[in-house]
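**Student:** Just need the whole structure built from these sequences, with the hints factored in.
4 protein chains.
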Amino acid sequence: MLSPAAGLLAPLLRWDDVAETFSDAARVQGMLDFEAALARAGAAAGVIPASAAASISSCCASARVDSAALARDAALAGNLAIPLVRQLTTLVREQDAEAARFVHWGATSQDAIDTGLVLQLRAAVAATLAELDRLADALAALAEAHRGTPIVGRTWMQHAVPTTFGMKAAGWLDAVMRQREAVAALGERALVLQLGGAVGTLAALGEKGPAVASALANELRLPLPDVAWHTQRDRVALVATTFGILVGTLGKIARDLALHAQTDVGELGEPLADGRGGSSTMPHKRNPVAAAVALAAATRAPGLVATMLAAMVQEDERGLGGWHAEWETLPELVSLAAGALHHLADAVAGLRVDPARMAANLEMSRGLVFAEAVQMAVAEKTGRPLAQRLLEAASSRAQAESRPLREVLAADPTVARHVSPEELDRLFDVRRYVAAAEPLVDRVLARHAAARAAASDGEA
Amino acid sequence: MLSPAAGLLAPLLRWDDVAETFSDAARVQGMLDFEAALARAGAAAGVIPASAAASISSCCASARVDSAALARDAALAGNLAIPLVRQLTTLVREQDAEAARFVHWGATSQDAIDTGLVLQLRAAVAATLAELDRLADALAALAEAHRGTPIVGRTWMQHAVPTTFGMKAAGWLDAVMRQREAVAALGERALVLQLGGAVGTLAALGEKGPAVASALANELRLPLPDVAWHTQRDRVALVATTFGILVGTLGKIARDLALHAQTDVGELGEPLADGRGGSSTMPHKRNPVAAAVALAAATRAPGLVATMLAAMVQEDERGLGGWHAEWETLPELVSLAAGALHHLADAVAGLRVDPARMAANLEMSRGLVFAEAVQMAVAEKTGRPLAQRLLEAASSRAQAESRPLREVLAADPTVARHVSPEELDRLFDVRRYVAAAEPLVDRVLARHAAARAAASDGEA
Amino acid sequence: MLSPAAGLLAPLLRWDDVAETFSDAARVQGMLDFEAALARAGAAAGVIPASAAASISSCCASARVDSAALARDAALAGNLAIPLVRQLTTLVREQDAEAARFVHWGATSQDAIDTGLVLQLRAAVAATLAELDRLADALAALAEAHRGTPIVGRTWMQHAVPTTFGMKAAGWLDAVMRQREAVAALGERALVLQLGGAVGTLAALGEKGPAVASALANELRLPLPDVAWHTQRDRVALVATTFGILVGTLGKIARDLALHAQTDVGELGEPLADGRGGSSTMPHKRNPVAAAVALAAATRAPGLVATMLAAMVQEDERGLGGWHAEWETLPELVSLAAGALHHLADAVAGLRVDPARMAANLEMSRGLVFAEAVQMAVAEKTGRPLAQRLLEAASSRAQAESRPLREVLAADPTVARHVSPEELDRLFDVRRYVAAAEPLVDRVLARHAAARAAASDGEA
Amino acid sequence: MLSPAAGLLAPLLRWDDVAETFSDAARVQGMLDFEAALARAGAAAGVIPASAAASISSCCASARVDSAALARDAALAGNLAIPLVRQLTTLVREQDAEAARFVHWGATSQDAIDTGLVLQLRAAVAATLAELDRLADALAALAEAHRGTPIVGRTWMQHAVPTTFGMKAAGWLDAVMRQREAVAALGERALVLQLGGAVGTLAALGEKGPAVASALANELRLPLPDVAWHTQRDRVALVATTFGILVGTLGKIARDLALHAQTDVGELGEPLADGRGGSSTMPHKRNPVAAAVALAAATRAPGLVATMLAAMVQEDERGLGGWHAEWETLPELVSLAAGALHHLADAVAGLRVDPARMAANLEMSRGLVFAEAVQMAVAEKTGRPLAQRLLEAASSRAQAESRPLREVLAADPTVARHVSPEELDRLFDVRRYVAAAEPLVDRVLARHAAARAAASDGEA
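Note that the protein sequences, when read in sequence, are chains A, B, C and D. Residues in the first sequence are numbered from 1 upward in steps of one, following our numbering. Residues in the second sequence are numbered from 1 upward in steps of one, following our numbering. Residues in the third sequence are numbered from 1 upward in steps of one, following our numbering. Residues in the fourth sequence are numbered from 1 upward in steps of one, following our numbering.
Rather than coming from a laboratory, the hints here were simulated on the basis of the structure. Model, not experiment: these values are computed from the prediction.
Which copy is meant is left open, because identical chains are indistinguishable; a pair holds if it fits in one copy or across any two.
With a straight-line cut-off of 25 Å between C-alpha atoms, the simulated DMTMM-like cross-links for lysine to aspartate or glutamate are:
| # | residue 1 | residue 2 |
| --- | --- | --- |
| 1 | Lys381 | Glu94 |
| 2 | Lys381 | Glu98 |
| 3 | Lys381 | Glu422 |
| 4 | Lys208 | Glu423 |
| 5 | Lys208 | Glu144 |
**Tutor:** Here it is in structure tokens:
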């Protein structure tokens, strides 16, 4: 059976562990798992014979589906469940003619398709969480290691004032941890059983409907919603937006990596590996491939999320077009998110950090990045407006004359009146300046440590 | 001061209570509220004099801002906070020259702009929650009143099997209640203080940074995040996706209303009012205006959410373009959501329901909508595959010959062998058929009642 | 080699003829065709030996590529061309060691990838045009056959005034013809050669650069642009937007089909076929599958187009992420468009039209749909405002009392004063009313006939 | 009357000349211009009295519309035309009671609203074209002036090989010229008359329908389409996609400007002006505001285009929601495009170019950017594979030992065997290397000159 995860671009743009959960084979198995569990639930609730449930269930576990026929028939039927149920019925009949009568008992196509999707998503979420942990750990290690490593903070892509590389990493980590929480919450909030029958009333099961639904939720270990959600798509939309925000978060990290990896900046570099990031024609190139993959995902995710939101407007008890629009879109979005996450986790885990280049770049503007600090010190004496005018003038002079700002300021009588040379030295001391970042980094690291500890407890 | 909420289309597409929270005036006041609270927090932490804080604070409460100058200077500066802080400083100086020195102490433009936005969003969320309650109450009343009103369930826009209008309303209510929870959760999850100074380290406040931030969060009654989120935009993205899913939910309801209000269906109608839904040229028209407004919002929201996700990729410590892309997009999205919600709440509260037409439409197919029920009954004797073939044939014959399905089936010997005439009568009894929906409707209504009771307790 | 066109959902959502042009195999062959033609062009311009060109060219025609290795290496290299060129070089060397030295001479990866894509798109465009002709012909036949078939015109999904089904079909045809022109224009406007070398200057080819580019354009029968377009992506964006508008046009037709195919309306139906549009549980269902497929595409295309537009912001001489975002997005968009087109052309070609039901639905409102016509007639005597008030009152009365509007009007003394009974008869004559549509339909049909004749001339 | 163009952020994000064409006042005037011309056309075709036409026409020219009432009534009616026609009728009646009877004769609301929009768009397109000319001229001047100025070409944001700044500017210009053509083509392709009456048949005008339409097209100097396009929205979608691609093109230029303006790169800078691009807290900052504005537009445009495409799926003869979704979206998109264009034209016209810094950055990698040139030269002797391995090794060594590549290569015996020292000098000569770009730049400049000359001829 072919897998959309198997294309030539898959190893570059996706990640096998998640892409496989959305393969055609996994899609079919998800529906078969639903049918098997439905049969067992039906038996438990007394609506189908236990022996039939056993036959159906065993058949679903090892069904040899004719994919070509399935695809061809789905083109006529409008969905995969109709021909799959027909194939399954035939397979069951070969083994247990009586049981064949009870295949898909009480359910509608969408019950099988949606619950199958939920099972696929549950696997994808579990894999994603593990990879988010790997990324978070790598970011925490960076934040810890570079808590005090000065780097120039950049705003509007211009040098602003100093910060630390640990602070940058802590900012990334802070956001990644929030995404981990949001993805983890999907289990309860979004990945719930779908069972409603033709129009959501479970009428075909009569009074036993609720009992079957409850048994089925147990079988599949899925939360049981109050009513079916055939055309109430907020839950799948929430999966989409959660992964969309995750991708945006990864895209921000990737943009930062790409900017810092520029030849002109050189502060960071993706891990070196044979064949990694080369050029077909330029022998000296080392392209930031992981950043490109994550940024590509961040370019694509907004459109895919928009599709899932647009698809929410579904008609009456079963949508016409909107539901169909979800089938490839949500798997694609989750796969791309996982691909970006996986490649980025690799890149961050092996990140080449060049503190010397960071220091050199900080020096590049000859002290202009300390202008704000001096301004604040002067302002304490003169107020902010005068201090700002003073520092703007000194900064302009320093730039025009290619002189250190420290030197220009030292020669300024107004400054001299308000700031002693020792104080000036202190103001131009980068270590002192960036000390403010340390407690902030520590807060984030503490939250990470607590989350990891809680997770270990949970596992233990 | 002009308000984007004030345009000619605003009363149609938006809702004043929320649109006003995003007027230019409210935007400026949000930033002034930040500056006032920052001054008081600075005084509380001992970084600026208490008297300066008092002067700044009082000035912010009644500031007469020169909007034209503000707009013109923002075009050069690149944001509104820079010229606003300048105007504010001048105003404070006129009143208390000493205090003017301490305006905006320790903050950066983005701190004022983002926190101002958060304050605006908090007001918008509160108004939205109240309107969501109004919609939910109206839906609950419909579900209650029509718990047993039969209506044909439609899948793929074709008649499927019977359900109740109460079940439809319960489905809408179920989804709306989830959106209410999601919007309410934004307060803690997304609407938090922004304070980081130039690059997020609060360096300009030295050791007092955390104390000022904490005091400021108290002043504004906003959650205090571990670190600033200047370029970590997942929180504002979450606001966008939450409102995006809300709009999708409303769009689904509106699509259903529009379908049921078709002249050809006529089961539902928006409230009648003088001048409502007329035509410039057709005297007999009653157009479903609220549905159109909600569907327009549902058409626009996905693109606006996509913009907010795309804007997440912001550079280093301050974004170039991404941040600017948020400024009009998020207010527009929230305003459109509120407009759709408000108009839809009106329409649902005054909905014209025609149970007789529902009954007539159910009859239209001469019993075909009971084909599944008969099939299930036959299947209990013959298994699903044979039953399905039998009912497909009978259904085709009934359609081809324009005869009631009940009559065609009664004449079928196979059916007669498995189903008695009494059983057939029972199977074609719509009340019996839709009884399965009642406990489901009740579950949703019970959840709604519990939520309302909890809210009342909270208020009491 | 696996094909993304080969998944289980492909026959439902896509169309083989176009999907195959975007298979992995076709992607590789597109690049190999580029490399072959580049070698021949290089030989023609005298930059590589003719014998080398022959060897490379023959090798590209029958290359046995190791797809697994290609995919794996691309994940490191960041694109497919780098490992493909390496594999090709090895293959050529086995046959002609000397020739191996000249593989990919003077080109960069993006030259091969982009030109390969252009070749794939050219094939997809040709297939799309043929299918657009098929759809246009089917629509023209409908417009011709139903030029005079009355149907109620619906605005805001409410009965408005009569029109003809031919007019509806002509409206669809009018729009489809414009899309055909737009898709055909892509050949000249967008599907041009990409050849620039490392940074677009063709420097590696020295003075022979322009000559090689010109010869290569000839070889591939592609327009030659003034400069390479490595990071100027307006042309591929134009392909995306053109297909996006095509899908929107198809979606509009599909929405109309779905509305007219509702059980409650019953004026149109998709072709009947065994297994087509059935239900897994409801034996009487005939779902409009083609409409669903086209509406699904119309739900997805906007997001995919948005991605292509977002991807236009590419850095300097080679984009980081934006380019990568195009690779799956554009093929997906074009494939979905072709799928929608193919299924819709089938549905329109075999459309079941029910003029009797159209007539019955027109009668449903007991003449209200003629209210505007009477109003215009009265207005000629009384002016529009009075006439409008008059007709609104009469319409309301007719609805409230379930009486024919004709009868209510006949009893109104003001109407009687201005409109004779004969004139009233004339005004309620639907054939007369819809006569105005005929010349409009004819105009569109004439344009279609002219376009078809011109195309035949072109082929002859 | 309030203008959406008038908000605080308008001078930053939009451009008055275009934003004003979408003000509320202009929206109303567009509809009034339609009503005036409709009256004159009706008179010309003999369907209304000439005197009535004169009264209506003069009234439309100076109508004092009650905006508050208009907005309020539109919220009930569902669009602006219904209450506007009512107000207009009242105004006409005060002046000429007879004429009041013929206001809006034969048209439907959508005719007035859509044609009014087309008139607004025509004005916006004209202004946009002038500004595109200004940008193109500025880019041509840059390309001309820096035809030979070396700069490092960057791919994947890494130094690649040398190019010229003139080549970069020519690449921008090439794309901008294509957008100018596409925007200019909108006049014929998209900005056409809308007149169809209630459902597109012009039935209310009887046999005179086509004559009125033709006269109206003449009056308004608009192309006359074969049939009305009430729910065939490809033309407005084309306006959207054309502006969307324009914005993408501007975004690419802006991204390049932002990258080159980085403190770490310093090759380009936006014009300096008092108050431009400052910081509220950092005295030395000069932020690239125009780039930010254009990138913000490029972030927002894809979502807005997606909305216009999604809105294409409109029902039957008048859409429910889709049409409403266009009303604010298209003006917003065009306004943002114009804002980005205007600010970028300013920035490019006054761009600060630093050839010395370009030269210094080229030197930064100690000759690695010539690695490809040497590789090609060696490859001519050894074939590409060996040459590539050789140069990769030399490049790595040069980087590892911080030595010039020229020096490393000179010491390599294999290189020495194939390349003489003189040849090596030649290969490391940047002027020689970038000479290949000159004819390409010239082609683009020639096309620009021809276009400008043709435009002058057109005006003369």
